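Undergrad: Single-letter residue listing:
Number of protein chains: 2
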Amino acid sequence: MRVGSKCGLESPPSHMVNRPSRPSRPSQRTRPIAPGGDPFGVHRSVEPRGALPQPAKRVDNDFSRLFEGELLLAVETLNVDAASFRQMEGDDEGGDVGAQVLATVRDRGKQHNPVTGSGGMLLGRVLQIAGGRTEADIAVGDRVATLVSLSLTPLRVDSISAIRPASAQLDVVGEAVLFASGSYAKLPADMPDRLALAILDVAGAAPQVARLVKEGSSVLVLGAGGKSGILCAAEARRRGGKGARIIGIESHAPYADDLRELGYCDEVLTIDARDPVAVRKAVLGANGGKEVDLSFSCVNVADTEMAAILSTRDRGIVYFFAMSTSFTKAALGAEGVGKDVDLIIGNGYATGHAEHTLALVRAMPDMRRLFEARYG
Amino acid sequence: MRVGSKCGLESPPSHMVNRPSRPSRPSQRTRPIAPGGDPFGVHRSVEPRGALPQPAKRVDNDFSRLFEGELLLAVETLNVDAASFRQMEGDDEGGDVGAQVLATVRDRGKQHNPVTGSGGMLLGRVLQIAGGRTEADIAVGDRVATLVSLSLTPLRVDSISAIRPASAQLDVVGEAVLFASGSYAKLPADMPDRLALAILDVAGAAPQVARLVKEGSSVLVLGAGGKSGILCAAEARRRGGKGARIIGIESHAPYADDLRELGYCDEVLTIDARDPVAVRKAVLGANGGKEVDLSFSCVNVADTEMAAILSTRDRGIVYFFAMSTSFTKAALGAEGVGKDVDLIIGNGYATGHAEHTLALVRAMPDMRRLFEARYG
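Keeping their order, the protein sequence lines are chains A and B.
Numbering of the first sequence is given in our numbering, commencing with residue 47 and proceeding in unit increments.
Numbering of the second sequence is given in our numbering, commencing with residue 47 and proceeding in unit increments.
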């Protein structure tokens, strides 16, 4: 979908972008570098000052000068968090997403949806690398995807050239800055951007599975037919080997069929993960009457904590990737049934997670084909 | 505080309890045992049927018969969750807590506060042990504290004889049932009930610390001057030895002084744990410029996730005991600053946790004296 003036653009169209009346937008020229760059970006928090940039109401998006450790990017595409995009569209999908993005970025200095609290990620090209960064593998001109949320990324949007509701993406002209602690991934040359973005969006899942699954482990994946669920099941099979027992739960029948065809799971069960008693019964049935060693929850509905907890053995691990997880339901739920399990909050970041997950997809051609068909 | 009719009691006073018109209350006689007892208590969920008892709207509290695996208790005291008790009192503390407890238990078959969603624990005497339980250490007549929430414990309250707002306790006449998976602790003979209850209420903390802290670990405890914070600091010192570095953060000055006197911490810092940048700076200053290996959050205010995350080294562990922890703030926060740490949801249950924590308090006479003064 192309957008023009009907989108309610409040910035000038791109052919006007370099007009002399906007001296604060030096575009491609090298910016001076100021000292005092904080690795976590505290130096750009304006309201309140001294805050971290994510909780901050507003951050400084004046890129006429940079701070030590910053990476300046020419933004090509905003990959808005799906929940945020749907909220801006509204129930009747008539909302002017472009105008709302421009307003949010103008008000807050970042695409931090004030209603949903979520952000997304972006795709851009490196314009300048400020001193104090230690990476050897990045150069001006590289195309990268940011792996930290837009909700903390200083951003300026000059114009919007396209909006793609199906993928919650906007093509824009603008600039952004990544702090020294902000991770990113170079876009791989061997796959389409959209596929790479779809994979990088859930890059944290597989590396955590790789750390925890041992040869012969029994593993439950809830929501195993979705993007992160498939990555978890594939990694569990790779680490666990033939002796592992991998059980996938997927309530959406077409996704369950896709998962069966991939062959990573010993059993794929079509049950609602919100029914803990039914899930436990099915898992025991699929695992020789025993609870599993490890459960990974990749479901994106609420009230699935107990299905994972009840299906896991004492001193086993329940790993919650699902952002719909409730801290209190998990904590009190495990206590209530006397389950001595480790309950882990899914950390979207792990050292080397982007390379790890891209390599996993390359190593699994069937999965890559499925992801290209679904998300490419 | 004694209560009588002004409390709006809807059950008969205790001297009328055994009147023949209530055949469903067989009091002290042995109850028949029905088959089909589920270890997690699903058999007593009435609304909806098949649910776990905690999420259930209503559970069956008819104790004229028991089910396999159940433990029948004569209830002496309800130790209501503090948040629940304050909600029932209301802002002006004029609320009739007794009447509300009776109404809740009558409607739901359990003291599961419909507003706060929380429960508490209870103190009672074993009346009958149904077949199918495996414990050898429990006998009829033993006094026990339940270690699972009242929000899932079938309960009948016949009358209330006293209410103690300071400790959020009610002395009652009634009965309750513990399912086979429900843990409990025998009340120790060597300490007052109130002290034992106060300790058992946070019995899960110290055993988890004992599992994670190694000889020489560096450890941060947020909210270190509270009950669970002190237990964590003491256990960290015991496990970590003299070479460990234990840093406590406590914003309440009198609690910080208590903690300093106990001597478990190398440094006690009086900072607001909601300021992650200040906490990180102070922790680095107290730990030779390095982030700590392990952080334990025992704070009961919101927005303290980042203080713990920012202060912990890559591949370190951040353990959240604080029930005010937000799952999404922890998950997205760690990702946003690129921290490869393990984020753990505090599980209130661990095998042997009650014995472990009671033994810790016995081994630390200074802590015991402080707890007796504060909570005894």
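By construction, these hints were calculated from the structure, which means they are not laboratory data.
These numbers were taken from a predicted model, which means no experiment stands behind them.
Where a beta carbon is used, it is the ideal one built from N, C-alpha and C, also for glycine.
Treat each hint with caution, since some may be false.
Once the Cα atoms are required to be at most 25 angstroms apart in a straight line, the calculated DSS-like pairs of lysine-lysine come out as [said to hold, decoys possible]: (1) 273(A) <-> 260(A); (2) 103(A) <-> 327(B); (3) 260(A) <-> 232(A); (4) 103(B) <-> 327(A); (5) 288(B) <-> 336(B); (6) 288(A) <-> 232(A); (7) 336(B) <-> 260(A); (8) 288(B) <-> 232(B); (9) 260(A) <-> 336(A).
Label-pair restraints from in silico Cβ distances [unchecked claim]: (10) 335(B) <-> 110(A): 31 to 39 angstroms; (11) 141(B) <-> 347(A): 53 to 61 angstroms; (12) 409(A) <-> 153(B): 42 to 50 angstroms; (13) 348(B) <-> 96(A): 12 to 20 angstroms.
Partner residues aside, some chain B positions facing chain A, computed with beta carbon under 10 angstroms [stated by the list, open to error]: (14) 326; (15) 330; (16) 379; (17) 421.
Undergrad: Of the hints stated earlier, which fail here?
TA: 3, 6, 7, 8, 11, 12, 15, 17
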